[in-house]
Amino acid sequence: EPEVTQTPSHQVTQMGQEVILRCVPISNHLYFYWYRQILGQKVEFLVSFYNNEISEKSEIFDDQFSVERPDGSNFTLKIRSTKLEDSAMYFCASSTNMKETQYFGPGTRLLVL
Amino acid sequence: KNEVEQSPQNLTAQEGEFITINCSYSVGISALHWLQQHPGGGIVSLFMLSSGKKKHGRLIATINIQEKHSSLHITASHPRDSAVYICAVIRAGGGGSQGNLIFGKGTKLSVKP
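In the order they appear, the protein sequences are chains A and B.
For the first sequence, my numbering begins at 1 and goes up steadily by one.
For the second sequence, my numbering begins at 1 and goes up steadily by one.
The shape of chain A in the complex, shown without the other chains (with noise of 0.2 Å):
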């Protein structure tokens, strides 16, 4: 069965560092989520993504973070200048239509030293 995945499982990194958190969702799929879920809280919407541009993004989603779509099969979530609350899991999600049921990836724990 086709799935989301995400990569790195895991980062670590300095504050004020960039990182660079990669999806591939599933490959008929035309819409795209980004959502992160700070330890002990809810899940919370960043971002979403459809043909090839922001369709909607939260007030969390900043100057600071960005995401592309750059090769047709990847989508990238970038935070510039990490701070210690971007300590997260931040999850990838993707469907066919808006109205249809998402797939989640597994998930990608970041951690802000």
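I should point out that these hints are in silico values taken from the structure, not numbers from a laboratory.
Be a bit skeptical, because a hint or two may be false.
Unchecked claim - Within a straight-line C-alpha distance of at most 30 Å, the following computed DSS-like cross-link-like pairs (lysine-lysine) qualify:
#1 A:K83 to B:K105
#2 A:K99 to B:K55
#3 A:K42 to B:K105
#4 B:K53 to A:K99
#5 B:K54 to A:K42
Keep in mind the model is a prediction, meaning the values are calculated, not measured.
Once you've looked at the hints, dock chain B against the given chain A.
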């Protein structure tokens, strides 16, 4: 105030018991999702519904759009059902128009043998 509220926050049951988890939301929605988050963090979509009732194995999800309420039922619960169950909605129109999910805090279920 959270747009999606779940109850209870924590639930402990004996194997075989019938379980109900409730979700209330305060916004107009186009769809509601029930998700399962495993102890390792991975998220799996269980149901997406916009009306009525859906059943999959021992899981049943219902929604009452007028009352802005949904329930997830587990029949004949088993220790392997132990997980966090999350209700999430897609807001109708506006900010939810691209399918991004608004999450509840989750219900942590523990089923004892």
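Could you tell me which of the hints above the structure violates, numbers in ascending order? Hints that this structure does not satisfy do not exist here, as all of them hold.
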